[in-house]
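If you read the sequences in order, they're chains B and E. Residue 1 is where the first sequence starts when you use my numbering, and the numbers rise one by one after that. Residue 1 is where the second sequence starts when you use my numbering, and the numbers rise one by one after that.
Zero decoy hints are in this set.
Per label pair, the in silico range of CB-to-CB distance:
1. B/302 / E/148: 42 to 48 Å
2. B/302 / E/282: 54 to 60 Å
3. B/226 / E/48: 49 to 55 Å
Derived list of chain B stretches under chain E, where covered just means 3 residues or more per stretch with a C-beta under 8 Å from a C-beta of chain E:
4. 83-96
5. 292-305
Some, not all, of what chain B presents toward chain E, calculated at C-beta under 10 Å:
6. 266
7. 268
8. 270
9. 271
10. 277
11. 279
12. 281
13. 282
14. 288
15. 289
16. 308
17. 309
18. 312
Read the hints as simulated data drawn from the structure, not as lab findings. A quick note: this is a predicted structure, and the numbers were derived from the prediction, not measured. Just so it is clear, CB atoms sit at the ideal spot from N, CA and C, and this is done for glycine as well.
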Amino acid sequence: MWMKCGEGGGKQASPSLRTVVRLDTGPSEGSGAGRRPETMQPLLDQYQRVDFFDEFADELGVPRAHYAGLAQTLRTIDIAEFRHRVDLVNSVLLQRGVTFTVYSDSRGTERILPFDLIPRIVPGNEWSLIKRGIAQRVTALNAFLGDIYGAQRILHEGRISAEMVFSSKFYNREMIGFRVPRDVYIHVSGCDLIRGRDGTYYVLEDNLRTPSGISYVLENRDVLKRSFPRLFENYQPLPVDDYPRRLLDALRHSAPAGVSDPTVVLLTPGIYNSAYFEHTVLARRMGVELVEAGDLLVHDNIVFMKTTKGLQRVDVIYRRIDDDFLDPLAFKADSTLGVTGLMNAYRAGHVGIANAVGTGVADDKAIYPFVPDIIRFYLGEEPILPNVPTYDCTDDLQRRYVTSHLDELVVKNTNQSGGYGMLMGPSSSTIERARFKEAIEAYPRDFIAQPIIPLSCHPTIVGETLAPRHIDLRPFVLMNEEVDVPPTALTRVALTDGSLVVNSSQGGGSKDTWILDD
Amino acid sequence: MVLLSRVAESLYWMSRNVERAETLARILDVNYNRTVDRNAAGRERAVRVWRSVFDMAGISADVELLDGASLASAAFERCTFSTEYRTSIVSCIRIARSNALSVRAELSTEVWECINGLYLFVEAQSPRSVAREGPSSFLRSVRDTAQAFGGIVDATVSHDDEWNFLQIGRYLERSAMTARILRNHDFSDESAHEWQRLLEMCCASEPFAKAQRLSSDPNEALSFLFLHRSFPRSIRFCTHEVDRALHRISETAMGAYSNEAERVTGRLQAMLDFVQIGEILDEGGDRFAARFAERADAIGTAIQASYFPRVPVG
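In isolation and in its complexed conformation, chain B is listed as follows (with noise of 0.2 Å):
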């Protein structure tokens, strides 16, 4: 069973005061039960695994080969120490600034992303499959994107409907006959990856527009590395801080041809955005500029930015906002995040935008049952990582099923992302699966349901114990000649008891995630 949350603990001393005698003990070493001072208490003592895929413990609940030097550690730490650790950790958190933006009340509260201390831990075997997994899959998407918003290819041949592809609501019809620069579309990228009962790894989601939190990747590192470095026996995990300049070398890789040096910029909503904090950092790490829109301007085609020296020439636009604010003259109208003809000054080959106006179509949730076929058609490969199986909604045979299931199944909305807009079948209530089932027969295009796969599970500070919690992983990605994959991901980690939704936005964590060398 799940532990409780607080249960058995709640009846210590101060932590504080715990810990400084903890820390006057000296630097515990070694796994020997018989070093460990008479009132500790460890945490992975009462660590007990559930019936879920467990990263850190087989099914006889003995630690993992690549757990086992943590294990070794976490056995000489007791539970007052960790508390401490962890209040450390937040104020560190809140004074650097490392927040997130809640919209759910009308201030627009910063709060920290709430940070588990222990670490996940993913060997180089599995790393080394996931690198070619995802590489192959982007080299596709990539494919595919060219092809749609060119010859068509795949299209005329049948392999996925037109009908699809065109009522997608990212489709974006501007971009059709356009050749971005280099062929890229999508040079960042930070797929979703779950694992099911068996350990298996499945692509949940591509998130190929403006995936966020590569921010918390670097900064997680940092403050667990200054914190707590005693975790890190044992242990060498990959560092994550070539990120940033990896990320810069894609960018500049997108600029017009002809340029030598390119000025790039990182274009952002401004502090309002819920992902401000990793704009800043972006920009700050890779040296470039962090503009808003009222920073740019576009004259003859031409995107410049206003400087205390005059307009200066701006080739390439990382930009963390969504296709549709991005220019009011092509898109909405009334955006105040975009800039006046920017598309044009795009089309006319004077400007890189990156991602590329138009990825989304290739994650539209709808799209992502095709994807393996995708890989099949562009590359001529089998996918390396399984999609989970998906029904299509708007197939007759599918849709009927998904409707007499509901309560089995998760179905997500197409148009939306983040947690929102979702149905989770066994803890939904009637009312709620009658008014899916409706949207579903109305508007089948929007909606695709899957089976609710067990998300793996890993040793997560819950209050005063440790306690297996659900997590997902998100990779990083880069497109440069190639695919890029840098050894940067994210844990994300369900904080809430048998929750298995791990987005920031519905109460979500995330953890340092130490990729090893194979």
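The hints should help you fit chain E onto chain B, whose structure is shown.
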């Protein structure tokens, strides 16, 4: 080096607001300590003192209406926590932090953490929590952090245009605050008590004592605050720093100008370089200070027009 106009503007305002919070904290500390121990008979005087402080702080509330029993506390609270005025300490720090947030990518981590830490500190305080401790330690924390901010800026930001705009904000605000303090000084009151209060509000009592050994000539003190060549809060020194920063940005030779901001600053600078303290006193120190404050505002407007022009949107 590229500096976005918007970023320059935010840096400038961030710097101005931190400087203002710092000066205001000192003004409040000096006056709170001088009025809190006065008995009821001193109320008239206390009202006069707080009225002048409200003017320095840019708060237009009527001091007469404040609670008589704890005038000092009520006035302190108004100048510190009031959010209806953009010039209270809390407001200044909020504005500075929001400016910092909008240029987070340009700031060094140290600068950001300093201002964010100051923000988190004041947001965690309330009139009640400060009253419990007495305002002094709160005001001291604000002052110390704001001063550390200046040092961190100097030590961690490259001394090119970003820093130049920070300098302009800092010194323009500082000269304006010194002028506001002088504008409220009663030049007819030559008591040592009043002189000491004036010097302390300008953080000048020790430097002045050092520079003018045992001088008790009020004109010397005035000259120190208006015209001293190297005291870092004198009006002349601050104006000179603004002038120099402007010329570093435009790379125009000192003494010449390439835009309106440099022209008005240069003219003011020349006047301060050659005016004599006697002339200032003939005009009336308070009137001269008020006239200076207007000119400092004009410099601000000219900087705005030269470097952060408002381009019509649409």
